[in-house]
Amino acid sequence: MNSIDQLFAELRSQQRKALMPFVTAGDPDVAFTAEALREMVRRGASMCEVGIPYSDPIADGPVIQASYTRALERGVKLRDILGMLGQTAPSLGAPAVTMVSYAIVYRHGVEKYCDQAQAAGVAGLIVPDLPAEESPQLLDVCTKRGLCLIQLVTPLTPRDRALRICETSTGFVYYVSVAGITGERAALPAELAENVAWLREHTKLPICIGFGVSTPEHVKLLAPAADGLIVGSAIVRRVAEAATRPPAEVLKQIGDYVASLAAALPGD
Amino acid sequence: MSTNITAGGAPIGATTTVPDSRGRFGDFGGRYVPETLVYALDQLEAEYAKACADPVFQAELDELLQHFVGRPSPLYHAKRLSQQVGGAQIWLKREDLNHTGAHKINNTLGQALLTLRMGKKRIIAETGAGQHGVATATAAAHFGLPCVVYMGEEDIRRQAPNVFSMKLLGAEVRPVTSGSRTLRDAINEAMRDWMASVADTHYILGSVVGPHPFPRIVRDFQSVIGRETIEQCRQRLGRLPTMAVACVGGGSNAAGMFHPLIEHREVELVGVEAGGRGSQPGDHAAPLTYGSPGVLHGSFSYVMQDEDGQTSPVHSMSAGLDYPGVGPEHSYWKDTGRVQYTSCRDDQAMAAFDALAATEGIMPALESSHALAAALELAKARSPDDVIVVCLSGRGDKDASEIARLKGVKFG
Ligand SMILES: Cc1ncc(COP(=O)(O)O)c(C=O)c1O
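So the protein lines, in turn, are chains D and B.
To convert, note that position 151 of the first sequence is 151 in my numbering; the numbers rise steadily by one, no gaps.
To convert, note that position 107 of the second sequence is 107 in my numbering; the numbers rise steadily by one, no gaps.
Read the hints as simulated data drawn from the structure, not as lab findings.
Just to be clear, a hint being listed does not mean it is correct.
To be verified - Cβ-Cβ distance ranges computed for the label pairs, FRET-style:
(1) Leu116/B / Pro246/D: 38 to 48 Å
(2) Glu73/D / Asp20/B: 36 to 46 Å
(3) Ala119/D / Lys380/B: 39 to 49 Å
Unchecked claim - Chain D stretches covered by chain B per the calculated footprint, using a threshold of three residues with CB under 8 Å from any CB of chain B:
(4) 13–19
(5) 57–64
(6) 72–83
(7) 90–103
(8) 175–187
Said to hold, decoys possible - In silico EDC-like pairs for lysine to aspartate or glutamate, Cα to Cα no more than 20 Å straight-line:
(9) Lys77/D / Asp140/D
(10) Lys407/B / Asp386/B
(11) Lys112/D / Asp308/B
(12) Lys121/B / Glu45/B
(13) Lys144/D / Asp115/D
(14) Lys252/D / Glu111/D
(15) Lys77/D / Asp308/B
(16) Lys77/D / Glu111/D
(17) Lys121/B / Glu231/B
(18) Lys112/D / Glu402/B
(19) Lys112/D / Asp42/B
(20) Lys77/D / Glu307/B
(21) Lys112/D / Glu73/D
(22) Lys77/D / Asp386/B
(23) Lys380/B / Asp397/B
(24) Lys407/B / Asp347/B
(25) Lys79/B / Glu266/B
(26) Lys144/D / Glu167/D
All C-beta atoms, glycine included, are put in the ideal place defined by N, C-alpha and C.
Please put together the full structure from these sequences, using the hints given.
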């Protein structure tokens, strides 16, 4: 059983929810990323999403874009990231998934990427520019290696299509909270919880909500409707300070922030 | 430039029945975009299918092309230039004489009509040379729709006259400061806008690139270039040309010229990419010549990438060709061998610009000068019976100050 399936089986049986923070690999360097992953899990993250920097990320807002640019300017390579994950993921105590553009997966080689991700102890892939129609081949390669391929559903996805997407998604389905790009938002759409609740009634697959989630209030509001929450830009913005402040201080700040979100989860 | 293009007997293999229902030209194309955009792309595809079946749509577009754009554009025999070169006759398909000065308007009017049919209230676009931006701003003004154009800071600098025109036409020009600050980054930014605005906004993509159905729609709207060329050649020469040559940035003027000619296998087709300063990585913008298949901006096609799949820096003095990717149908035509692709350096394009200005009194856009440079070279090896049609995709007025800078001339 994949570690993501295991995690959600466990959480559901205890009526608890997952918290999944996102961090950009190689910002400011892979050693810091490894530390950040450990710190976040220690402070309450149930799963981690590792962003593989990409030169042209069209789904990302300024904060994550800038982190990708910083990492690439400092010369981070895919092999450094997979190497770091190989050192970190197996002992992390929580599943790690890579958020990676299909441009990178294709160029590296679909099978080679999945082989190396699996060998590094990665549990799954989120490929934000690979909609369901284009994903059968990658899904097949992932499934053969016990990797999850997590698909996305958005507020603009018609309901029948959302159900079809859930059928091809493995591990969980990523519910994008808003039509738009990544980034912190003060207010999330009023109908969000209701739409997620509808989907949750119609699929057995766990649902995690991401994009814009950034405060304990968001967590309190949305956690009951979903199986988990994904927090990206709010963490990456804090990591950005690691370039100019003592890394230990920044790590602690990220840890405190993750703990404040974890504390807002029901059942904790 | 490399001129060892195989003569005659064009290889077969390419068909005109592409793309398939999933937007594939052979292996190329497809739809590599966030789920958020799938809704808008499906909507566009459905609306376009309806429009194609609606004679009213075609009549509206024809009316605009004739009386607003000034089509058909002339096919002009450049006799003095041909004489000077010696060899084949050079004929120019004068897209530079269109309203707004380039082929881009053929596409923006078509897509603006689709925008109205979809009931969308706002238009966005990206631009490199500014010609697509001006053509989009023009279409938006014509139909009374608000318009935002994304343009890289570097391109704002080198195509200043077009920036001012867009503003005069009522468009908002948003400078893009990320990455290389050129066309590629402008497309990223337009896509991000669209991610949040799909419900009421149409993104008028300016070339045969991007996710399905854009490569097909833009090709179809630009195909008026090739259809007119065939008709004009038949009328004036009683036959088809020996060869058609067009520059390839994203590839829309070339696709418009080539698509109607694909099935006429006796006609040689040559696409010309930007060879920039030379063949080293970063010195050119020629993915079909130097790149490899990969994913960029929603489509699988030839692209300039590093070994990790990160898009590589590219260079061309011409803003409209300064792009690391290319439309998927060109990748298909390359791999089937139906179209030959070559490249031409900055200095060769500049020399062709000078030659056309001096012999014919026509200033071509720097983009089009690349096609011209390759055609002049190819013409030398041919006889005066041969006819080479060059797609003169745009006029050079927009480039005057950049040309002055490149030549070290100060004015103003
Ligand atoms: C005059 C002109 N020709 C050619 C191009 C290149 O685009 P495409 O390859 O799509 O025709 C441009 C783009 O800005 C242009 O302005």
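Against the structure, the hints:
1. Leu116/B / Pro246/D: 38 to 48 Å: 57 Å, violated
2. Glu73/D / Asp20/B: 36 to 46 Å: At 40 Å between Cβs, range holds.
3. Ala119/D / Lys380/B: 39 to 49 Å: With Cβ atoms ~57 Å apart, the hint is violated.
4. 13–19: violated (count 0)
5. 57–64: holds (count 5)
6. 72–83: holds (count 3)
7. 90–103: Result for this restraint: holds, n = 3.
8. 175–187: This one holds; 5 residues, not fewer than the three required, reach chain B with a Cβ under 8 Å.
9. Lys77/D / Asp140/D: 26 Å, violated
10. Lys407/B / Asp386/B: 34 Å, violated
11. Lys112/D / Asp308/B: 12 Å, holds
12. Lys121/B / Glu45/B: Holds, at roughly 18 Å.
13. Lys144/D / Asp115/D: Holds: Lys144/D and Asp115/D sit about 10 Å apart, inside 20 Å.
14. Lys252/D / Glu111/D: 37 Å, violated
15. Lys77/D / Asp308/B: The given pair, whose Cα atoms are some 7 Å apart, holds under the 20 Å limit.
16. Lys77/D / Glu111/D: 18 Å, holds
17. Lys121/B / Glu231/B: Distance ~37 Å between Lys121/B and Glu231/B Cα, so the pair is violated.
18. Lys112/D / Glu402/B: Violated. Lys112/D to Glu402/B sits at ~46 Å, over the 20 Å cutoff.
19. Lys112/D / Asp42/B: Cα-Cα ~32 Å, so violated.
20. Lys77/D / Glu307/B: Judged against 20 Å, a Cα distance of about 9 Å means the pair holds.
21. Lys112/D / Glu73/D: 25 Å, violated
22. Lys77/D / Asp386/B: Not OK: Lys77/D and Asp386/B at ~52 Å, beyond 20 Å, violated.
23. Lys380/B / Asp397/B: 28 Å, violated
24. Lys407/B / Asp347/B: Holds - the C-alpha atoms of Asp347/B and Lys407/B are around 10 Å apart, at most 20 Å.
25. Lys79/B / Glu266/B: Status violated; Cα separation ~24 Å.
26. Lys144/D / Glu167/D: With Cα atoms ~17 Å apart, Lys144/D and Glu167/D stay inside 20 Å; holds.
Checked against the numbered hints given earlier, this structure breaks hints 1, 3, 4, 9, 10, 14, 17, 18, 19, 21, 22, 23, 25; the rest are met.
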